[in-house]
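A.B. asks: Residue strings, one per chain:
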Amino acid sequence: MELYITEISKYVIALLMALYAYESFAVFRFQEEERRGGIYTRQNFLMLSIHFSCFMAICFETGEISYLFFYIFQQIVLFATAVLFHMIYPRANRLVINNMCMLLSIGFVILTRLSYERAVKQFVIVAVSIAAAMLIPFFIRKMKFLKNLTWVYALVGIAALAVVLILGAYTYGSKISYSIGGITFQPSEFVKIIFVFFVASALHESSTFFEVFTTAVVAGIHVVILVVSRDLGSALIFFVVYVLMVFVATKNPLYLLAGTIGGSGAAVIAYQAFSHVQVRVQAWRDPWSEIDSAGYQITQSLFAIGSGGWFGMGLFEGTPDSIPFVEADFIFSAVAEELGIIFAMCLILVCISCFIMFMDISIKLKDSFYRLVAFGLGVTYIFQVFLTIGGGSKFIPLTGVTLPLISYGGSSVFTTVIMFSIIEGLCMVKQDEEKEERYVAKKRAKAGRKEKTGKKEKDVKKEKTQKKENSRMADRKIKDWNESEEE
Amino acid sequence: MKKNRQSEQKKKNMPIMTVTYLFVAVFLGMMVYICHYSATHKQELINNSYNGRQQMLTAKNVRGTIYADNGEILAQTVMDEDGKEKRNYPYGNLFSHAVGYATHGRAGVEALGNYYLIHSNSPLSEKVANDMAGEKYLGDDVHTTLDVKLQEVADHALGVYRGAIIVSEPSSGKILAMVSKPDYDPNMIEEIWDDLVEDKESGILLNRATQGLYPPGSTFKIITALEYIRENPDTYQSYGFQCAGSFSDGADRINCYHGQSHGSVDFTRAFAKSCNASFADMGLKLDKSKFQDTLDDLLFNQELPMEISYNKSRIDVSEESTNGDMMQIAIGQGTTGMTPVHLNMITNAIANDGTLMKPYIISSVENSTGSVIKQFSPSAYKKIISEQEAAVLTDLMQDVVEEGTARKLKGVSYTAAGKTGSAEYNKVKGDSHAWFTGFAPVENPQISVTVIIEGAGSGGDFAVPIAKRIFDAYFNEE
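Sequences listed follow chains A and B, in order. Each residue of the first sequence is one higher than the one before, starting from 1 at the first, in this note's numbering. Each residue of the second sequence is one higher than the one before, starting from 1 at the first, in this note's numbering.
Chain B on its own, in the form it takes in the complex:
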């Protein structure tokens, strides 16, 4: 009887209970969403130019200082003659793209660390003292991974050429140097801004290291070789090709650089000598669908795991790709476009046993008294290639230095591995961008360098010597 009554009561209450639970569940979902959204989008929201809170924060806090890894000041706020705040960049042009600017929008570390630079985590006592003195609070300082010495060497090495250099640490993803030319003096940004914006031709404001899309040329053979190894794990070593300076399929024809014929080549030698003909041949043998998977793993056409603003590399491999397309793709020509930073990341993964570390440039944030507010530590993105594949590719890249196109790196106190590229961008004249990407020492990689010089010529002749100067500086080679 009692049970009956209760169950009747329950049945009567069922709809109300249902509705109650439903609303409570929806509200819990909404609360989780709001907490999550506000916690994860804080920086993005503050940095939006429509958000007036930026002005409010800048009115309250003095923009913090940006430091290099060894404590050199890269950007600071100073007072000009009229007592107005002015952003000062002691190194002038040197860090124009890496550190960027903070007026007329923002770029580089100034953009990346903006949230920290405009917030102040000064101790309360400090703030009270500021209040008493009628001063603004001191914004937090941003410490970067940038190395002034390497940046200087890279900058000088690139000289008057247009192009980009990115130097990083494979085991952590730290960016040690990042040069892009042409550059500008961020101290003068107010005065030169209009000219920079009007000048569509040279793209001075473009950070070529992360945003410049170039045909990767022969450096792409790293990826073609990887795919060939993946598809032919047991037989790739017995690959052989008779190179007569070109390879044809129907009406499509691929020439080796300057029509040079490499004679009888095996897999290692084809890579070391950067033989276009044999790689075009391999390109035709690749399974397009598997190739697509590998390209996805290697982050082509995808977002890169980093905060710095960049462009996505693009490549077009599909079941519809023609033989002609595949031959072009295999040697890094055609419609493929790649950013130097992306190539550097792949190089780093090879040097780091296949694990890609997320590239980063801000190492820590400290308040005005030097207490650490936020520490950025190295973090792995994921293993994009297997350890074994990384070892095979390292061997291939070492042979490029030992007996291939990067011989200018041979005979130094450290061992290097790398790949050159001479990416043709002008079919008629045969002009090419000079590429090099590589790392050293081979046994225990500490540093990787990716270089692109626009329109210079062959990678072996122009890019390798620049990389060598950077390696030399790092390893103190005279």
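Chain A extracted, bound-state conformation:
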């Protein structure tokens, strides 16, 4: 009997996940959030079903009913998140929040399977993070001074990283964490957000060579500290995020080229200077010849990915725990083994869906600071996903970073939840901008008809960007733009 349920649930779970992934792209067919309502409701339903099916499978497979209680708590928190967020911020983007909950629920399922104790710990951290995240969009919207804190960000970021380097504890060859009062922090996770804010605030007004150069120095300090701490994955993320943000701020492909060349050069130097880099690269090129030592993790990860097949072994049916650090760096391999390749591919698609939505929000933002923040956070997110999945599947060398929202790790999941809520905040900033433009357009149109050029307070901001145009042209433009938005 149990066998029927666990076997059938494998196919059901894969199918539901495929439908969810489909819906997370179907969203992009509509430009207005209002028309996506049906999709979001279906997503919520699918999310509940997947989560439920997975826990049913876990209960039947293990014969332990106690998992059900944990499941109920999880379901309450995730469902409340999706619903409450929508209630508090009716105009926030629901895809972002749905995908976040979906990914969190996959994380709960797979962590419960790997280690009940850790799953509970993770659950508590997620609940706290979500509570904090509920406030973030409000602050993002109100705290206009955030764009002026350039050097505060730089100092805080560097200080946080430096503290770890000096005082932190070595865990498995890397100095990445620091304990205060029994709680272990991994500052490089939080600094990712601060760093994006730093680059955005430094480059949002003007991005001449001078600004690029000074930010490059600060970015360089971040990267060097991380390399010395042997946190290569984070170092790479900071570097790539910096280069891409400069590219977007300057719109100059030459910076992209320079970044690529510089990055390659740095990679070669790092390869020659650090033995641990050589070990990683060697283990990537031929893990099989060092299966006992450097290649052990990656080969065990490949065993897991290769053994699941399209529909997976089923929860508690595989042996993903044979991979060292499976719950953090190799969680994707565990998902692929037990829930199958189809599920794992859909998981990647959901991550891509988040990224595309981030980019979409970024493009629609007028204010270049917010625009850069949205872009920077999106790249931080997707590049980290790329590093961990690519590393675990031998697509690229292993760097040992977490899969955001799914991997075990308090700092990681907290940071990512905050990141997602910042994006929600930006989404509301975007709507404020749009509303403001419509308002201005209306005023202008009225003023234009009366042939008056009375300045309203709110127009002053617009004036900045459209100084040289006469008011008639300006409101024509805004009207046009609004029309093109609606097309």
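Simulated from the structure, these hints should not be mistaken for laboratory data. These numbers come from a predicted model, not from an experiment. A hint or two may mislead.
[As the list claims (entries may be wrong)] With a straight-line cut-off of 30 angstroms between C-alpha atoms, the simulated DSBU-like cross-links for lysine-lysine are:
#	chain 1	residue 1	chain 2	residue 2
1	A	K366	B	K12
2	B	K42	B	K86
3	A	K443	B	K12
4	B	K12	A	K364
5	B	K11	A	K364
6	A	K147	B	K10
7	B	K10	A	K251
8	B	K11	A	K442
9	A	K144	B	K10
10	A	K442	B	K10
11	A	K442	A	K364
12	A	K142	A	K443
13	A	K147	B	K11
14	B	K358	B	K42
15	B	K10	A	K366
16	A	K435	B	K10
17	B	K12	A	K251
18	A	K142	B	K12
19	A	K147	A	K364
20	A	K144	B	K11
21	B	K288	B	K383
22	A	K435	B	K11
23	B	K12	A	K442
24	A	K435	B	K12
25	B	K86	B	K200
26	B	K383	B	K290
27	A	K364	B	K10
28	B	K382	B	K358
29	B	K383	B	K358
30	A	K443	B	K11
31	A	K442	A	K366
32	A	K144	A	K435
33	A	K144	A	K442
34	B	K374	B	K149
35	B	K12	A	K147
36	A	K443	A	K147
37	B	K312	B	K383
[As the list claims (entries may be wrong)] With the Cβ distance kept under 7 angstroms, some of the chain A side facing chain B (calculated, not the full set):
#	residue
38	F247
39	I291
40	I352
Even glycine gets a Cβ: it sits at the ideal position worked out from N, Cα and C.
Let chain A serve as the given structure and place chain B on it in line with the hints.
C.D. replies: Positioned in the frame of chain A, the structure of chain B alone reads:
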């Protein structure tokens, strides 16, 4: 105005769009890679001894049964007195190399089909019944192309000699029999393992049919002749040589077998009589670069298109090869090393109008209720020689039987074609391995046989009679 605004907007968004497309493209590439990797490396990954999932699967499923082509059981899992699982091989030594063993690592079909044997595709209802009864699931069964009768004949024919025999079907690549001696009793593998591993001398665990590298001797003249024909398509038939029992170039000298002089020989007769002197002469006339291409086509120094574990044949022809080297190479001596299975594959290609079929030994995988899970059908590797060349070589090989060194195959109810070899492996004493490779019937080849007997003597005297017994058994010749 509107256009202007839009294009400005586009320009502003260009970097973000670029980055978005870039990431999406990279991710799509990565997804294709992961799907492809997991689908194509499934077996290899499971079979890796560092993969703990094997133990998990063996704990869950009873290792499946291995069958011969006619349904005889070649390997099965039984319970011993203590209720422990034990692998049982009803034919004892007979299939030791072909079927192999499954403890202390794996070999033969036990290795090749391991993935299927340890997985269970039993119907769900069956599994539920197993669960209820507290039994393990039944693993899938592997059906092979092996023919018990031919295997027995080949095994008896080789007798106490060391060596190998491989029998296959040229039109499909099916391996019908594979014998390698010395052999062992796989039922006793636990008890004899330590001795087998310690005994470096005799290499009992080596499957000589696929892993043994031997000097091909005169059987290599098939390849030399092919190359000579390729380079001299219009004139090879007018080739003539006056054999006085040896051929010299400077200080290098090649003797015919036992110094026999063949007198005036043409191309066909040189091949049929296996005249070393004339082939050494031809060897010097070959274009080394073209010869290299032909050797590449014929899979020398290359991976063979088959799953069974093997060694690559090696040969060293380059622009730097000296005349002395070329003379040795032309008659299959010197540093050249070839596996019996490779020679058998070339023989099969000649018999099959030039198309090499991939050799295979597992014909299907069935679940415990007999439903086919996976069917292996014959598949062509490629045409390694032209149809015309195959026809010419067949004629040459038929003459070897009719009036050459394999006359012991003459005058039977079927027609055979082949080539003998007596590969010297000990310069001083002149000891030689006896080779034969050939197929029958010539008109419509159904079976090919490759035989090597270590240190027996001449191929015509020792290898041909063994091949004949196998052909006779196949064609029911009394």
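A.B. asks: Let me make sure I understand: some of the numbered hints might not hold for this structure. Which ones are they, in numerical order?
C.D. replies: none
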